[in-house]
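Peer 1: Sequence:
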Amino acid sequence: VFLHKTLSHPHLYGYCYQDSNDIPDTLTTITELGSPLEMIQLLQTSWEDRFRICLSLVRLLHYLAHSPLGSMTLLDFRPRQFVIVDGELKVTDLDDASIEEASCASNSDCYMEFPARNFTLPCSVEGRCQSMNEKRNLYNAYRFFFTYLLPHSAPSSLRPLLDMIVNATGELHWGIDETVAQLERVLHLYKSGLYLLNTTRTPKAEYREVLEAAILEENYRCWPSYHHKGCLLSVFDVSEAIEVCESHSQCQAFVLINQTTWTVRFGRTCPGKTFFLPPNSSEHD
1 VFLHKTLSHP
11 HLYGYCYQDS
21 NDIPDTLTTI
31 TELGSPLEMI
41 QLLQTSWEDR
51 FRICLSLVRL
61 LHYLAHSPLG
71 SMTLLDFRPR
81 QFVIVDGELK
91 VTDLDDASIE
101 EASCASNSDC
111 YMEFPARNFT
121 LPCSVEGRCQ
131 SMNEKRNLYN
141 AYRFFFTYLL
151 PHSAPSSLRP
161 LLDMIVNATG
171 ELHWGIDETV
181 AQLERVLHLY
191 KSGLYLLNTT
201 RTPKAEYREV
211 LEAAILEENY
221 RCWPSYHHKG
231 CLLSVFDVSE
241 AIEVCESHSQ
251 CQAFVLINQT
261 TWTVRFGRTC
271 PGKTFFLPPN
281 SSEHD
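Everything in the sequence shown is counted per the UniProt record's numbering, starting at 1 for the first residue and increasing by one.
If you are wondering where the hints come from, they were derived from the structure by calculation, not from laboratory data. Glycine is no exception: its CB is placed at the ideal position from the N, C-alpha and C atoms. Among the clues, some could well be false.
[To be verified] Quick list of the computed label-pair ranges, beta carbon to beta carbon:
| no. | residue 1 | residue 2 | range |
| --- | --- | --- | --- |
| 1 | Leu33 | Asp109 | 40 to 46 Å |
| 2 | Pro160 | Asn107 | 22 to 28 Å |
| 3 | Asp237 | Glu113 | 27 to 33 Å |
| 4 | Pro151 | Ile99 | 47 to 53 Å |
| 5 | Leu197 | Tyr220 | 40 to 46 Å |
| 6 | Lys204 | Ala116 | 20 to 26 Å |
| 7 | Pro122 | Leu197 | 37 to 43 Å |
| 8 | Thr120 | Met39 | 43 to 49 Å |
| 9 | His188 | Gln259 | 18 to 24 Å |
[To be verified] Calculated pairs, DMTMM-like style, for lysine to aspartate or glutamate (alpha carbon to alpha carbon, straight line, at most 20 Å):
| no. | residue 1 | residue 2 |
| --- | --- | --- |
| 10 | Lys191 | Glu240 |
| 11 | Lys191 | Asp49 |
| 12 | Lys191 | Glu38 |
| 13 | Lys191 | Asp86 |
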């Protein structure tokens, strides 16, 4: 209760209270309803949505590293400790949060053990393991979230930067400040369309615009898609839509709509419904 009241962050929610171990009744306070984190389902969502989850997690960890109480670590970092609210990741349980950095007499006392990897951190002159809370959170974010959610099906021009982020956090070469800065950089490149500047692919056909047209019963399924019965994807502009279409063997035409995602995409340059068809494609009024 003290932690929940002291820490002020939109991704920290709720607490439980039990007066005695002999009494089974507990008090649970819920301030917002979220969906349980299902990793298998997340892997089937768009890269844009998966990136949003990782970004919200890193922003939260950045706050915990610089919280009013000092650097905090989440000792129980399993995915079940999080929920998704409006597409972002939020912590539900602070029972196992700790604000104590481990004391040490030498570097060997600053040993962090994980199932697949171990690390030894420096022991400061003050007798505390340097950034242990921060690094523990960051590595757990890497092993539970980044490796599964960040690189797969990402835009090709962003892959080198995303791979660098995953590798740097997996080796703990970066702290949370650098990690959040690099993920914010990815967000800027993605929202602004700057990631498309390195794309040099030439369209295979000259697409033409067709107004007030409809393509009936010509949709197909693709992965990942925002609609399970068709192929509904996020694009920045017409050029990217052409590139995506030509990467799908089933695609003969596409439609830009004015629906947007959290990064304000889906052909935002076109306010209405517009069709672009390559020459010799079938067209239905």
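Peer 1: Now look at each hint and say whether the structure bears it out.
Peer 2: Going through the hints against the structure:
Range check, Leu33 to Asp109: Cβ separation about 43 Å, and the 40 to 46 Å hint holds. Distance hint for Pro160 and Asn107: a CB-CB separation of about 33 Å, inconsistent with the stated range 22 to 28 Å. Between Asp237 and Glu113 the beta carbons are some 48 Å apart, a value that contradicts the proposed interval 27 to 33 Å. Checked against the hint of 47 to 53 Å, the C-beta distance between Pro151 and Ile99 comes to roughly 33 Å, which is inconsistent with it.
Leu197 and Tyr220 have their C-beta atoms about 30 Å apart, which leaves the hinted 40 to 46 Å range violated. At roughly 44 Å, the beta carbons of Lys204 and Ala116 sit outside the given window of 20 to 26 Å. A C-beta distance of roughly 40 Å is found between Pro122 and Leu197, which places it inside the suggested range of 37 to 43 Å. Here the CB-CB span from Thr120 to Met39 is close to 30 Å, at odds with the stated 43 to 49 Å.
For the pair His188 and Gln259, the beta carbons lie near 22 Å from each other, so the given range of 18 to 24 Å is met. With a C-alpha separation of about 13 Å, the suggested pairing of Lys191 with Glu240 holds against the 20 Å cut-off. At roughly 13 Å between alpha-carbon atoms, Lys191 and Asp49 fall within 20 Å of each other, so this suggested pair holds. For the hint pairing Lys191 with Glu38, the CA-to-CA distance comes to about 26 Å; that exceeds 20 Å, so the pair is violated.
Between Lys191 and Asp86 the CA atoms are separated by roughly 19 Å; this keeps the pair inside 20 Å, and the hint holds.
Of the numbered hints given earlier, the model fails hints 2, 3, 4, 5, 6, 8, 12; all others are met.
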